[in-house]
Each structure stands twice: as C-alpha cells, then as structure tokens.
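*Asks:* All chains should be built: construct the whole structure from the sequences, respecting the hints.
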Amino acid sequence: MKRLFVVILLLLIISSPVFAFSVKEFLIDFKGIFTITGSAAPPPACSAGQTRCGYSNECSGSPCVMACSSAGQWVEQQYCSYQCSNSACVSASPPACSAGQTRCGYSNECSGSPCVMACSSAGQWVEQQYCSYQCSNGACVSASNTTNPPPTQECSDGTPYNSCNTNLKYCNNGILEDNCNICGCPTGKQCTNNQCIIESEPYDPGGNEQGNQESLNNPPIIITIGTKTVKINENIQFKINAMDRDNDMLNFYFDNNLKTTSTEIVTCSISDDMINCRGNNPGEGTLALKGNSGWNSKHTPGSKCRPR
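Per this note's numbering, the very first residue in the sequence shown carries number -8; after that it's consecutive.
Hint data in this document are derived by calculation from the structure and do not stem from the laboratory. The model shown is predicted, which means the values in this text are computed figures rather than measured ones. Where is the CB? At the ideal position from N, CA and C, for every residue including glycine. Please note: incorrect hints may appear among the correct ones.
[Unchecked claim] Beta-carbon label-pair distances, calculated as ranges:
#1 173 x 238: 21 to 31 Å
#2 275 x 154: 30 to 40 Å
#3 237 x 258: 26 to 36 Å
#4 222 x 149: 36 to 46 Å
#5 154 x 242: 36 to 46 Å
#6 82 x 38: 26 to 36 Å
#7 99 x 61: 43 to 53 Å
#8 230 x 100: 33 to 43 Å
#9 242 x 147: 35 to 45 Å
#10 147 x 254: 52 to 62 Å
#11 166 x 276: 26 to 36 Å
#12 230 x 167: 25 to 35 Å
#13 230 x 99: 18 to 28 Å
*Replies:* Shown next, in the form of structure tokens:
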C-alpha cells in the first residue's frame, strides 16, 4: 500500500502544470513528512526453566510456584497448601525424611508387624511393604535369604546360639554353660548326670579277680555339689549326688571319716545322702566328702560353704 500511494502522488504531481518540483526535491520533502517506523517485540519475561514464588496478584492470591514457559512467560506450576519459599512449596513443619529413603518399621508402626517404611514426596514416613519374616536394613528378608541374612544371635565369645565352643561350653540363649550331654567332655573325663567327671579304672582289690571282669568293683561317682550359702545361726540342707556303677549301697563320710564335722565357720552332719549345715561365723570354707560301697571309696570336694 505504501508503494502504491507514493506512485499515485508522483503521477498527480507530474500531471499538474502549477507545481514544478523535481523528483529529487519531492522525495526529500516526502521523507521529512513521512517516517516509516516499526515496534520491536518486547523482551521475554523470564528464561525457560526458571521458577519463583507467585506474587499476591497471581494464582488467585494463593501461595504457589511459578515456572517460566518455553515462550518466556511466567505460568502457574503448583499451588502450595501452606506457603512457597525459595521457589518451592513448604509444609508447616520440616520434612521427617528425604524422598526415596527406606527403613525398617518401629514396634509402634505397621501394627507391630515387621515392615518396610518409605519416605513420601511430602517428606513423611509411610508404610510401603509388610514382611512375612522380618525386616533388615530397609528391606524384607526371609529365613532362607542368603544375600541379606538376619543377624546371628551369639554368646559373648561369638558362639552361635544352641552351639558348643572349643572349650565344650554350650551357648544357651546367650549364656555359656556346661552341658556335656550335648558338647561332650575333655579327654580323660566322662559325662555323668550332665557333669564331666574323671574316668577311673575298675578297682581290683586283689585276689583271684584277674580275668574276671564281673568280680571287679568300680569306685562310686560323687558329683561336686557346688557353692552353698548359709546364714549365721540358720540351717540349710542339700542332697549328695552320687551313684555306684555296681549298684551297691553307698555310705558317705566327711574327710575326717566321720558323719559330722565342725569348724569355726559351719557345723555339718550327714544322714543317708543328705547333708545338714548350720552357720557359725562369717567366712568361706570347703567340705570334702567320701563315699564307699564297702569295696572301694571315692574322695571328692563336696561343697564350698559361705556363711553370711
């Protein structure tokens, strides 16, 4: 349209005898009259990928996150339930965890069952998975899982539960104890009534028993009684644990070959296979017992007494 308008003006001017202007002069005057201008596009409001918190006149006045579109304009990206800070929605309290984290549930979670807890996008721990066996290191494991087995229960020396160590001690639910019925006895000892006692050779009192094992008499077995505590001026009673391998009747005596003994600490007596002791004074001592079946006798420490 601009070109056509100029041509029409030129024709009119050339056809008019009144005005005598050169074309050059006319174009100079025309340039002064008409200035052709154009408006440039406004610069973009933002760069793609930028985010910021919305202003009070944006997002209908609610807290929100604004993002820069590919056209370089701010657009609503996310409304915030609490408020916006540093171009992100925040809650009233700091998050309890980071998204993607997992852990095993506590005893007050998952109704007390083993489970895996996961961190939600809101920064809160939520139930993710219940475990049929148990949870370890943020994952469910089974009883036969070899890649991530449950921790081994051990005694203080590292012996697993329900096992024997090199000293023939049995690990019973975290406690090391003697149990020769399971762990056996050291060389030279035998397990009797779950106690390791020294093995003894059959006793031959002399005569014509050689070559006739039935005529040999075996010494009796007396098992150490252990430590006993008796109060001063009070009595305690305990049983003698003994057996005769020939099933003979056993008689018991103290180390003085009598059925009574008295020290500054205790006074004790034997009746059949029972010992009765009375505390005299504070202290600690040891009673030695003898047992025989008429053929052979056995001497063993009986009991350690501690009056108090």
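*Asks:* Next, verify each hint and record whether it holds.
*Replies:* To see whether the hints hold, each was checked on the structure:
no.	hint	result
1	173 x 238: 21 to 31 Å	27 Å, holds
2	275 x 154: 30 to 40 Å	35 Å, holds
3	237 x 258: 26 to 36 Å	33 Å, holds
4	222 x 149: 36 to 46 Å	40 Å, holds
5	154 x 242: 36 to 46 Å	42 Å, holds
6	82 x 38: 26 to 36 Å	29 Å, holds
7	99 x 61: 43 to 53 Å	49 Å, holds
8	230 x 100: 33 to 43 Å	53 Å, violated
9	242 x 147: 35 to 45 Å	43 Å, holds
10	147 x 254: 52 to 62 Å	37 Å, violated
11	166 x 276: 26 to 36 Å	29 Å, holds
12	230 x 167: 25 to 35 Å	26 Å, holds
13	230 x 99: 18 to 28 Å	50 Å, violated
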